[in-house]
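Asker: Assemble the dimeric complex from its two separately framed chains, guided by the hints.
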Amino acid sequence: DAGVTQSPTHLIKTRGQQVTLRCSPKSGHDTVSWYQQALGQGPQFIFQYYEEEERQRGNFPDRFSGHQFPNYSSELNVNALLLGDSALYLCASSFRTGSEQYFGPGTRLTVT
Amino acid sequence: DQQVKQNSPSLSVQEGRISILNCDYTNSMFDYFLWYKKYPAEGPTFLISISSIKDKNEDGRFTVFLNKSAKHLSLHIVPSQPGDSAVYFCAADGAATDSWGKLQFGAGTQVVVTP
Numbered sequence: 001d002a003g004v005t006q007s008p009t010h011l012i013k014t015r016g017q018q019v020t021l022r023c024s025p026k027s028g029h030d031t032v033s034w035y036q037q038a039l040g041q042g043p044q045f046i047f048q049y050y051e052e053e054e055r056q057r058g059n060f061p062d063r064f065s066g067h068q069f070p071n072y073s074s075e076l077n078v079n080a081l082l083l084g085d086s087a088l089y090l091c092a093s094s095f096r097t098g099s100e101q102y103f104g105p106g107t108r109l110t111v112t
Numbered sequence: 001d002q003q004v005k006q007n008s009p010s011l012s013v014q015e016g017r018i019s020i021l022n023c024d025y026t027n028s029m030f031d032y033f034l035w036y037k038k039y040p041a042e043g044p045t046f047l048i049s050i051s052s053i054k055d056k057n058e059d060g061r062f063t064v065f066l067n068k069s070a071k072h073l074s075l076h077i078v079p080s081q082p083g084d085s086a087v088y089f090c091a092a093d094g095a096a097t098d099s100w101g102k103l104q105f106g107a108g109t110q111v112v113v114t115p
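So the protein lines, in turn, are chains L and U.
Each step along the first sequence adds one to the number in our numbering, with nothing skipped, and position 21 is 21.
Each step along the second sequence adds one to the number in our numbering, with nothing skipped, and position 3 is 3.
With the rest of the complex left out, here is chain U (with noise of 0.2 angstroms):
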């Protein structure tokens, strides 16, 4: 039962433009979501997060929208740097009482920053 779905498996951007990635959910409950960014042989390193009281959050370059009633949410990566290929994950947290920390993940977006 995927709960947290990411449906663009990969993405092409060029150097300097916006990346957007999207993230859907199914689960009503969830209540903070996450954004991950992994390079090969690394494990995910935390980017950016966003409770569900609020629907912008920004740190520098990225910027974390969430549209609860459609139940969704992007992340916006501007100006892209070539750093910034990579695999993306969006993640949710708090689905029930006493279930934080239980993260629930999509399957991830390849991101690459063309020159």
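So that you can see chain L by itself, here it is in the shape it has in the complex (with noise of 0.2 angstroms):
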């Protein structure tokens, strides 16, 4: 039974560019949402999908974006790459929008 995979692992941008990081849940779950972890600090919220539609959303500007598709897969969109998106991005799967989630390994994004 495959996790939650996640591609690319690592990832070097440039500033003012776009990119596209992607998700595939675990087996049997529905709900993917997507978290930033800056370097010494927790994962923090940026938003939610279920349903092929973002129900919540965290503290993150609309630079960032998302996109849930039919086979619950989703993509986290980032426009206008600044210095301070560098960062390890962890998607999560879960069963409808409960809270035992469980991680993918992340995507390492470097922005120079």
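Misleading hints may appear alongside valid ones.
Here are a few chain L residues that sit away from chain U, every Cβ distance over 10 angstroms (derived from the structure) [said to hold, decoys possible]: (1) L11; (2) K13; (3) T14; (4) Q17; (5) T20; (6) R22; (7) S65; (8) N71.
Per label pair, the in silico range of CB-to-CB distance [what the hints assert, rightly or not]: (9) L/S65 - U/R61: 33 to 43 angstroms; (10) U/Q3 - L/E53: 22 to 32 angstroms; (11) L/E52 - U/F46: 21 to 31 angstroms; (12) L/H10 - U/S10: 25 to 35 angstroms; (13) U/A70 - L/K13: 37 to 47 angstroms.
Pulled a few chain U residues facing chain L out of the computed Cβ check, cut under 10 angstroms [as the list claims (entries may be wrong)]: (14) D1; (15) Q6; (16) D93; (17) G94.
These are calculated hints, taken from the structure and not from any lab test.
From a predicted model like this one, the values you see are computed outputs, not experimental measurements.
From the three backbone atoms N, C-alpha and C, an ideal C-beta is built for every residue, glycine too.
Answerer: Right, here's the structure in full:
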């Protein structure tokens, strides 16, 4: 049973560029949440997708957007990258919008 | 606005002894609390959780205690093993109606278990 998978593992982008990160949820899960983890901090909630709609959103600007597909996989898009967007981006899946979320290994984004 | 706080960035404990990790929160609306463990280059792994209607939950070597009046929870690991060396995150949920799944995390505590 595959857990949560994310791609790519690492990514280097230049300031001002756009990036797309991908996530496949754990089998049987229908909800995907995205988190940003800066160095030395805990994960910060970006948004959550359920039934292909954004259900909840954290304190992140509109440059951060997402999408959920019919197969429950999800994408996180970040436009106009800033140096401060450099972080580990974690995807988590759950059944419905429950609390017990299972995390993927993350995508390490570096903005230069 | 950091609503979940882990004030000890690190903890060193001898193998076989008890590890006690602490977490404080400020939002009395939180209804569910979770502990995650994270190894380098991996995502956080769910360890144990507790609902606000309980004050203790136990799972093998891991026990979580919740003191609602003090807005404090703790994770006890007994006995500590070398494989427990990791970063431990406290998380809280349910801060508002219809906001389940919007986990708020503390900054983490690095645990090192020494032989």
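Asker: Looking back at the hints listed earlier, which ones does the structure fail to meet?
Answerer: none
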